[in-house]
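Going down the list, the sequences are from chains A and L. With my numbering, the residue at position 233 of the first sequence is 292, and numbering never jumps. With my numbering, the residue at position 238 of the second sequence is 297, and numbering never jumps.
A couple of the hints might just be wrong.
Covered stretches of chain A (chain L as the covering partner; in silico rule of three or more C-beta atoms under 8 Å from a C-beta of chain L) [unchecked claim]: (1) 141 to 152; (2) 274 to 286; (3) 324 to 335.
Okay, the calculated beta carbon distance ranges per label pair [as the list claims (entries may be wrong)]: (4) L/E339 <-> A/S65: 56 to 62 Å; (5) L/G62 <-> A/T171: 27 to 33 Å; (6) A/T171 <-> L/E339: 41 to 47 Å; (7) L/S65 <-> A/T171: 31 to 37 Å; (8) L/G327 <-> A/D232: 32 to 38 Å; (9) A/S65 <-> L/K132: 50 to 56 Å; (10) A/K118 <-> L/D331: 48 to 54 Å.
If you are wondering where the hints come from, they were derived from the structure by calculation, not from laboratory data. All figures in this text were calculated on a predicted structure; none of them were measured in a lab. We put the beta carbon where it would ideally sit given N, CA and C, even for glycine.
2 protein chains.
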Amino acid sequence: MAGLFSSAPKRVKVVEVGARDGLQNEPDNVPTHQKVALVDALSEAAIPQVEVTSFVSPKWIPQLADAVEVASKITRRAGTIYSALVPNMEGYERFREAGLDQAALFVSASETHNKKNVNKTIAETLEAFRPVAEAAKSDGVPLRAYVSTVLGCPYEGAVTPQKVRDTALALLDLGVAELSLGDTIGAGNPASLERLLDAVLRDVPVEKIALHLHDTRGTALANVVVGLEMGVTTFDAAIGGLGGCPYAPGASGNLPTEDLVQLLHGMGVETDIDYEKLIEAARLARRLVGRPLPSHMLAASEGPRGVPPIHG
Amino acid sequence: MAGLFSSAPKRVKVVEVGARDGLQNEPDNVPTHQKVALVDALSEAAIPQVEVTSFVSPKWIPQLADAVEVASKITRRAGTIYSALVPNMEGYERFREAGLDQAALFVSASETHNKKNVNKTIAETLEAFRPVAEAAKSDGVPLRAYVSTVLGCPYEGAVTPQKVRDTALALLDLGVAELSLGDTIGAGNPASLERLLDAVLRDVPVEKIALHLHDTRGTALANVVVGLEMGVTTFDAAIGGLGGCPYAPGASGNLPTEDLVQLLHGMGVETDIDYEKLIEAARLARRLVGRPLPSHMLAASEGPRGVPPIHG
Numbered sequence: 060m061a062g063l064f065s066s067a068p069k070r071v072k073v074v075e076v077g078a079r080d081g082l083q084n085e086p087d088n089v090p091t092h093q094k095v096a097l098v099d100a101l102s103e104a105a106i107p108q109v110e111v112t113s114f115v116s117p118k119w120i121p122q123l124a125d126a127v128e129v130a131s132k133i134t135r136r137a138g139t140i141y142s143a144l145v146p147n148m149e150g151y152e153r154f155r156e157a158g159l160d161q162a163a164l165f166v167s168a169s170e171t172h173n174k175k176n177v178n179k180t181i182a183e184t185l186e187a188f189r190p191v192a193e194a195a196k197s198d199g200v201p202l203r204a205y206v207s208t209v210l211g212c213p214y215e216g217a218v219t220p221q222k223v224r225d226t227a228l229a230l231l232d233l234g235v236a237e238l239s240l241g242d243t244i245g246a247g248n249p250a251s252l253e254r255l256l257d258a259v260l261r262d263v264p265v266e267k268i269a270l271h272l273h274d275t276r277g278t279a280l281a282n283v284v285v286g287l288e289m290g291v292t293t294f295d296a297a298i299g300g301l302g303g304c305p306y307a308p309g310a311s312g313n314l315p316t317e318d319l320v321q322l323l324h325g326m327g328v329e330t331d332i333d334y335e336k337l338i339e340a341a342r343l344a345r346r347l348v349g350r351p352l353p354s355h356m357l358a359a360s361e362g363p364r365g366v367p368p369i370h371g
Numbered sequence: 060m061a062g063l064f065s066s067a068p069k070r071v072k073v074v075e076v077g078a079r080d081g082l083q084n085e086p087d088n089v090p091t092h093q094k095v096a097l098v099d100a101l102s103e104a105a106i107p108q109v110e111v112t113s114f115v116s117p118k119w120i121p122q123l124a125d126a127v128e129v130a131s132k133i134t135r136r137a138g139t140i141y142s143a144l145v146p147n148m149e150g151y152e153r154f155r156e157a158g159l160d161q162a163a164l165f166v167s168a169s170e171t172h173n174k175k176n177v178n179k180t181i182a183e184t185l186e187a188f189r190p191v192a193e194a195a196k197s198d199g200v201p202l203r204a205y206v207s208t209v210l211g212c213p214y215e216g217a218v219t220p221q222k223v224r225d226t227a228l229a230l231l232d233l234g235v236a237e238l239s240l241g242d243t244i245g246a247g248n249p250a251s252l253e254r255l256l257d258a259v260l261r262d263v264p265v266e267k268i269a270l271h272l273h274d275t276r277g278t279a280l281a282n283v284v285v286g287l288e289m290g291v292t293t294f295d296a297a298i299g300g301l302g303g304c305p306y307a308p309g310a311s312g313n314l315p316t317e318d319l320v321q322l323l324h325g326m327g328v329e330t331d332i333d334y335e336k337l338i339e340a341a342r343l344a345r346r347l348v349g350r351p352l353p354s355h356m357l358a359a360s361e362g363p364r365g366v367p368p369i370h371g
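Next comes chain A alone, as it looks inside the complex:
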């Protein structure tokens, strides 16, 4: 046997999305200074890419109405890329005002999910990105794009790899540098993810792909294994697992960053992240939302004897 991980990367880029993907779902508003403190704690842990907030309309997501203020108050660490979600030109104007490093577009691979999310077809959404992409290009701002529901849609069920591939290629045509493929409802499994990546990697260089895996069914790290085996070098995660459903205590949503990093470091895959400071950031995240978070390493670090990460 040639070794399961012979094509796996020796170094992985972890993209932290908790401050945006997590806090946008919180029923109780988190105060601005606490959002800033969370981003600063994530920077302290030397995470290479941190999504700070979202410049969607405060009418849609009132939790993030203070996006420009948060972005202006965080302490920017050299070596970290700070990004934010940008849905349209209005959002891009606020993004430019805030002066962050990278703008992130988002579209669903499922027509129904996209329609429910932004009230546009996928084609209309991509068309609306065009002026943003042009402005970003002339400003020298790199673009990330999220493609959601890539392994299943809560309304349509199955989503074909072909549909994801087509959406991905349309985004690359717009000039997107990094494509984050999102298993929004945690419906993927190692076999379905392999089929998806087989289809997408036929046309997209693996270096442009990030995996954004949700842990709803406990399968996020199992799917990370497949991503690593197929050479994926970028993985999204949320500190503490922020972004689970806040109405179902203990329910899992995002993959906890510290669980991902523990796995990677244990396997000898480098991330440059300071694990101890990451756990501190997870504790802060839990204080911020005031409820238990679905993080294994956070719980394990507080067990009777304390469970350390295991290094490879």
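Given chain A, put chain L in place with the hints provided.
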């Protein structure tokens, strides 16, 4: 690429250990009739192999002092193998009285862990198994054996694949039919598990190997993926994830059976298990212990919209 799962089995045997490995750790005694009800619920879900209890001395584990009574009161389902832990000849006599199908021995791959667990060296433990193995052979009782701490010991740290392999071979010499390799503290990761299996499978047929993966660090299903890729056909799990540390609410211990089965069915791997009845058994397990259990599928099944398993 030949496909990551080209060597994976199409059918997997799930061995349910919650009624033993889970309940032996409960600080509050679970009444005998409730233990019987849990085993019966597991049988209803058509699990092919169920570990019912342990015939260790009640002085060691008072929680399971009613082992013979539990074994005699359960409803035996045709097609399910009922097993129990047997540490020595005294335990084997009680096992024979109870009339279960399979006896399970246990030894650690770490000297320190074995000493703390049963106050014997590994060699002394194996020697003490000899009369049990001989009695089982003459009674026509098949033997399973657990090798614990195979991917790390809480006292010694690293455990070498060579040590696990030697212990496994000694157990096979005793006539053991099924070897369950236990990651007792959930210290393994996909790379270290691959190294272990590479070493063990050089001398042991894969059909004799079961993986008993704990989820302390959230890596159990990630490790299952490696087991499947390397052709392992038997996986242990505990309903609801019973057997986590009861003193740390929400902390993960055993891999929840329903999370494992959801993954397998999603990948198109057959188990013959009735998933809906498995979730009912997990609900019963939670009522029995009276606290939240670390099961993703149990939480997901009770979310705002309910999260169904995804079938491949």
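For this session: Can you take a look at whether the region 274 to 286 of chain A is actually covered by chain L? Rule is 3+ residues, C-beta closer than 8 Å.
Result: With 10 residues closer than 8 Å to chain L, the region 274 to 286 of chain A meets the three-residue bar; holds.
For this session: Mind taking a look at whether chain L covers the region 141 to 152 of chain A? Criterion is 3 or more residues with CB to CB distance under 8 Å.
Result: violated (count 0)
Exercise. Are A/K118 and L/D331 spaced within 48 to 54 Å by their CB atoms?
Worked result: Since the Cβ atoms of A/K118 and L/D331 sit about 51 Å apart, the hinted range of 48 to 54 Å holds.
Problem set entry | Outcome of range test on Cβ distance (A/S65, L/K132; 50 to 56 Å) | 52 Å, holds
For this session: Confirm or reject the claim that L/S65 and A/T171 have a C-beta distance inside 31 to 37 Å.
Result: 34 Å, holds
For this session: Starting from the hint 27 to 33 Å, judge whether the C-beta atoms of L/G62 and A/T171 obey it.
Result: The hinted range 27 to 33 Å holds for L/G62 and A/T171, with Cβ atoms some 31 Å apart.
Exercise. Is the gap between the beta carbons of A/T171 and L/E339 within 41 to 47 Å?
Worked result: 31 Å, violated
Problem set entry | chain L over the region 324 to 335 of chain A, status - at least 3 residues with CB closer than 8 Å | With 3 residues closer than 8 Å to chain L, the region 324 to 335 of chain A meets the three-residue bar; holds.
Problem set entry | Status of the given 32 to 38 Å range, CB of A/D232 versus CB of L/G327 | At 34 Å between Cβs, range holds.
For this session: Return holds or violated for the Cβ distance of L/E339 and A/S65 against the range 56 to 62 Å.
Result: 43 Å, violated
Hints 1, 4 and 6 from the earlier list are contradicted by this structure; the remaining hints agree with it.
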